[in-house]
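Trainee: Given these sequences and hints, build the entire structure.
89 is the number of the first residue of the sequence shown in our numbering; add one for each residue after it.
No lab work stands behind these hints, which were simulated from the structure alone.
Ideal Cβ placement from N, Cα and C applies to all residues, glycine included.
Among the hints, a few may not be true.
[Claimed, not checked] Below are the EDC-like pairs computed for lysine to aspartate or glutamate, each with C-alpha atoms no more than 20 Å apart in a straight line:
#1 Lys148 with Glu97
#2 Lys177 with Asp116
#3 Lys99 with Asp132
#4 Lys208 with Asp180
#5 Lys175 with Glu124
#6 Lys196 with Asp230
#7 Lys238 with Asp209
#8 Lys211 with Asp176
#9 Lys143 with Asp116
#10 Lys250 with Glu240
#11 Lys113 with Glu124
[Said to hold, decoys possible] Pair by pair, the computed Cβ-Cβ distance ranges are:
#12 Tyr128 with Glu251: 37 to 47 Å
#13 Lys114 with Asn164: 23 to 33 Å
#14 Lys211 with Asp111: 28 to 38 Å
#15 Ser178 with Glu240: 22 to 32 Å
#16 Phe253 with Ser112: 51 to 61 Å
#17 Asp209 with Glu251: 38 to 48 Å
#18 Lys177 with Ala100: 29 to 39 Å
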Amino acid sequence: MLTKEYVSEVKANGNGDLQRLVDSKKDDKSIVFILENLGYLPDDFDDSWVQDLLKSKNKKIRLNAIKTIGKVKNENNIAVLLQIAKKDKSTDVQREAVSSIGRMRSRKAIGALIEMLNNKDPKIISQAIRGLLVFKGDKRIDNKLKALLKHENETIQTVIRKEYFKR
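Mentor: Here is the structure:
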């Protein structure tokens, strides 16, 4: 039986065991359960097998795979996450991809986050803003964000006003 404790036990055995556990499960519900219960992941976690799950037809699997990849904070994943943010069918998955890029707090992610400021979905733009505010004070970023004061979405305008034009 699949339990949170069992997932933790398998995780403690090493990355290969986790991959084998996921590969052995044929139902989406079990895969989602495993991904949701991974908890903390070390920086040296090999997430290459998780990237295969990004191709799943199941939105919950894709969403949890992105969360797992985001926990690793591997800058090499920025390009993968950016592609998902641009092309996935689900806005929830897109938003999580942008959020994961932002949680990396990496200067290498700045270009991807700036690119996502042009998205049509205000919730995705908000995630990009959140990721960029970590670098507030960088003239290039400040200029990009201040330009959003004229954005059509009031929530975005409010965030920018609050961050840059407090009175």
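Trainee: With reference to the structure, classify each hint as holding or not holding.
Mentor: Now the hints, each set against the structure:
1. The straight-line distance between the Cα atoms of lysine 148 and glutamate 97 is roughly 23 Å, outside the 20 Å bound, and the hint therefore fails.
2. This hinted pair checks out: lysine 177 and aspartate 116 have alpha carbons roughly 18 Å apart, not beyond 20 Å.
3. Under the criterion of a C-alpha separation no larger than 20 Å, the hint pairing lysine 99 with aspartate 132 is consistent with the structure, at around 13 Å.
4. With a C-alpha separation of about 14 Å, the suggested pair lysine 208 and aspartate 180 falls inside the 20 Å cut-off, and the hint holds.
5. For the given pair, lysine 175 sits about 23 Å from glutamate 124 by alpha-carbon distance, which is inconsistent with the 20 Å threshold.
6. Note on lysine 196 and aspartate 230: the hinted pairing holds, with a Cα-Cα distance of about 17 Å set against a maximum of 20 Å.
7. For the hint linking lysine 238 to aspartate 209, the alpha-carbon distance of about 16 Å falls within 20 Å, and the restraint holds.
8. A C-alpha spacing of about 15 Å is found between lysine 211 and aspartate 176, which places the hinted pair at or below 20 Å, so the restraint holds.
9. Annotation: proposed proximity of lysine 143 to aspartate 116 holds, straight-line Cα distance about 13 Å (limit 20 Å).
10. Of the pairs offered as hints, the one joining lysine 250 and glutamate 240 holds, with about 16 Å between alpha carbons and a cut-off of 20 Å not exceeded.
11. A C-alpha spacing of about 15 Å is found between lysine 113 and glutamate 124, which places the hinted pair at or below 20 Å, so the restraint holds.
12. One distance hint, 37 to 47 Å for the beta-carbon pair tyrosine 128 and glutamate 251, is violated here, with the actual separation near 30 Å.
13. In this structure the supplied range 23 to 33 Å holds for lysine 114 paired with asparagine 164, their Cβ-Cβ distance being about 30 Å.
14. The hint said 28 to 38 Å for the Cβ distance between lysine 211 and aspartate 111, and at roughly 33 Å that hint holds.
15. The beta-carbon spacing between serine 178 and glutamate 240, approximately 23 Å, falls within the hinted interval of 22 to 32 Å.
16. Checked against the hint of 51 to 61 Å, the pair phenylalanine 253 and serine 112 passes, with Cβ atoms roughly 55 Å apart.
17. One distance hint, 38 to 48 Å for the beta-carbon pair aspartate 209 and glutamate 251, is violated here, with the actual separation near 20 Å.
18. Take lysine 177 and alanine 100: their Cβ atoms lie about 35 Å apart, and the range 29 to 39 Å holds.
Of the numbered hints stated above, those contradicted by the structure are hints 1, 5, 12 and 17, listed in ascending order.
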